[in-house]
Structures are given as C-alpha cells and as structure tokens.
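**Q** Quick note: the sequence shown, position 63, residue 59 per my numbering, numbers continuous.
What the hints contain is simulated information worked out from the structure, not anything from laboratory work. Beta carbons are placed, not taken as given, at the ideal position from N, Cα and C, and that holds for glycine. There's no promise every hint is true.
What the hints assert, rightly or not - With a Cα cut of at most 20 Å, we get these calculated EDC-like pairs of lysine to aspartate or glutamate: (1) LYS22 to ASP6; (2) LYS41 to ASP4; (3) LYS108 to ASP66; (4) LYS16 to GLU109; (5) LYS41 to ASP100; (6) LYS16 to ASP76; (7) LYS108 to ASP6; (8) LYS16 to ASP100.
Stated by the list, open to error - Now the in silico label distances, taken between C-beta atoms and shown as ranges: (9) ALA58 to ASN7: 41 to 51 Å; (10) TYR46 to PRO11: 30 to 40 Å; (11) ALA58 to PRO17: 32 to 42 Å; (12) THR38 to ASN7: 44 to 54 Å.
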Amino acid sequence: MTTLLPTDADNNPIPAMRLKPGGAHKINATATTARNAAAFDTDTKVVSVYASGPVYLRFGNASVTAANTDHYYPGNTYYDFAISGGDNKGPHSTHLAVLAAAADCAVYVSEKE
C-alpha cells in the first residue's frame, strides 16, 4: 500500500510511518537461534526492532539463522531497518533471526507502512 508521509506546517515531509495492522512479532532470543514464525508481509519495506537485551541478528528468508558473527544489536535500542531493496533492486527479507548475546531476552518487531 502506498502512503504519503505527513507534513509539517511548511509542507515538508515528516519521516514517519504507520504501524501495520497484524504486523507485530515477538521473538524469544536464547542461546539457540530463533526467528519470527510468520513471514513479513510482501508489501512491508521497513520494520522497527526493539530488543530487551543484546542480540546478534540477521535478516533473510524462512531458513535464516543468526550466529555470533552476525550484526550485534545492543539491548534497549529501537531502530528501523529496510527489508526490501525496493523497485526490484534487492531481495525482500521475510524473516529476522536472533541469537542472545548474553542473557535470554525478547525481540519485538513491528512492520511499518
């Protein structure tokens, strides 16, 4: 679904996106790699990630796994990630794999539109 960004009083776009209905995911990060059970919608281009503890993460397809050589993501951090190259310029990630970097924690993913 195409959406327009909201604008400020000077009609400048504000980089804000809506939360996609049905697009919330929770992944329990432990010493074993885990990923979201339901795939991200094919129309989703951006996801927001929050982890309650530090994790290693990797985006990919339904068989993606995370290892301690993947990207480190600090705990208590909220960040937006592009999961599509857009206009067929790259693969669309359907899943996020996580691995706890320390203690078990929760990773929350929100699809945006």
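**Q** For each hint, tell me whether it holds in the structure or not.
**A** Tested hints:
For the given pair, LYS22 sits about 38 Å from ASP6 by alpha-carbon distance, which is inconsistent with the 20 Å threshold. Our distance criterion of 20 Å between C-alpha atoms is broken by LYS41 and ASP4, whose separation comes to about 24 Å. A hinted pair counts as satisfied when its Cα atoms are at most 20 Å apart, and LYS108 with ASP66 does not qualify at roughly 24 Å. A hinted pair counts as satisfied when its Cα atoms are at most 20 Å apart, and LYS16 with GLU109 qualifies at roughly 6 Å.
Straight-line distance between C-alpha atoms of LYS41 and ASP100 comes to about 28 Å, which puts the hinted pair past the 20 Å bound. Restraint check for LYS16 and ASP76: satisfied, since their Cα atoms lie roughly 14 Å apart, inside the 20 Å limit. About 25 Å separates the Cα atoms of LYS108 and ASP6, which puts this hinted pair outside 20 Å; it is violated. Of the supplied pair hints, the one linking LYS16 and ASP100 is violated, its CA atoms being roughly 27 Å apart against a limit of 20 Å.
Hint check: ALA58 to ASN7, Cβ distance near 42 Å, so the stated range 41 to 51 Å holds. For the pair TYR46 and PRO11, the beta carbons lie near 18 Å from each other, so the given range of 30 to 40 Å is not met. Range check, ALA58 to PRO17: Cβ separation about 22 Å, and the 32 to 42 Å hint is violated. For the pair THR38 and ASN7, the beta carbons lie near 32 Å from each other, so the given range of 44 to 54 Å is not met.
Taken one by one, the earlier hints fail for this structure at numbers 1, 2, 3, 5, 7, 8, 10, 11 and 12, listed in ascending order.
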